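S.K.: If you read the sequences in order, they're chains F and S.
Residues 1 to 116 in the numbering used here are what the first sequence lists, from first letter to last.
Residues 1001 to 1114 in the numbering used here are what the second sequence lists, from first letter to last.
Don't take each hint at face value.
[Unchecked claim] Which residues of chain F face chain S? A partial, calculated answer using Cβ under 10 Å:
(1) F47
(2) P61
(3) R63
(4) S65
(5) R67
(6) F69
(7) S70
(8) R73
(9) L81
(10) G84
(11) Y106
(12) L114
Treat the hints as calculated values from the structure; they're not laboratory data.
Everything numeric in this text was worked out from a predicted model, so none of it was measured.
Glycine included, each C-beta is placed from N, C-alpha and C at the ideal position.
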Amino acid sequence: KAGVTQTPRYLIKTRGQQVTLSCSPISGHRSVSWYQQTPGQGLQFLFEYFSETQRNKGNFPGRFSGRQFSNSRSEMNVSTLELGDSALYLCASSLAGFGARQETQYFGPGTRLLVL
Amino acid sequence: AQSVTQPDIHITVSEGASLELRCNYSYGATPYLFWYVQSPGQGLQLLLKYFSGDTLVQGIKGFEAEFKRSQSSFNLRKPSVHWSDAAEYFCAVGAGTGFQKLVFGTGTRLLVSP
């Protein structure tokens, strides 16, 4: 079974631009979560989508948004990029149904975003 | 609020020696705990997880972890470290709806000396 895939793997943008990252979950997985990893802040949860609805949300500004499609694929968008948005963005998927327990997240390789 | 503390930023272990990485958590109920490993430039790989039941859990690559509720700890251990174990290790607790919001510790970087 193929793992979580993320595209693109590397991205360079300039301040003020916007960017869209894509994540394809493991086949059959319905939940997709996004994380930001930086040297200063570590791994921080952005949001989670399940059945095309945002179910959990982290403490990031509204410039960070996401969506999930009916095939469970997910995109995250960052508008008006800032230098501090440079990070590794990780996507994870799990089976997690509503109220499900013992659901493990499996991570993709990440998209490394550099904002100049 | 949920939190995870990994008190050791770096640890150096000789190849063949035993390893213990510390993790303490703060969570109001029975925690769902995880250990992930990250090699440079890579995503996170699940080593093991604890949900309930036996407090000693076995994972991949010869790792194990012990859940101790009284100490709010979930330490990772390996009896004999290999050079390929050099990586960064993250402890996490599951929170939020469906426990899908992972709260991570700051990580411990493991260096393996020959």
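S.K.: Looking back at the hints listed earlier, which ones does the structure fail to meet?
M.R.: When the structure is compared with the hints, numbers 2, 3, 4, 5, 6, 7, 8, 9, 10, 12 turn out to be violated.
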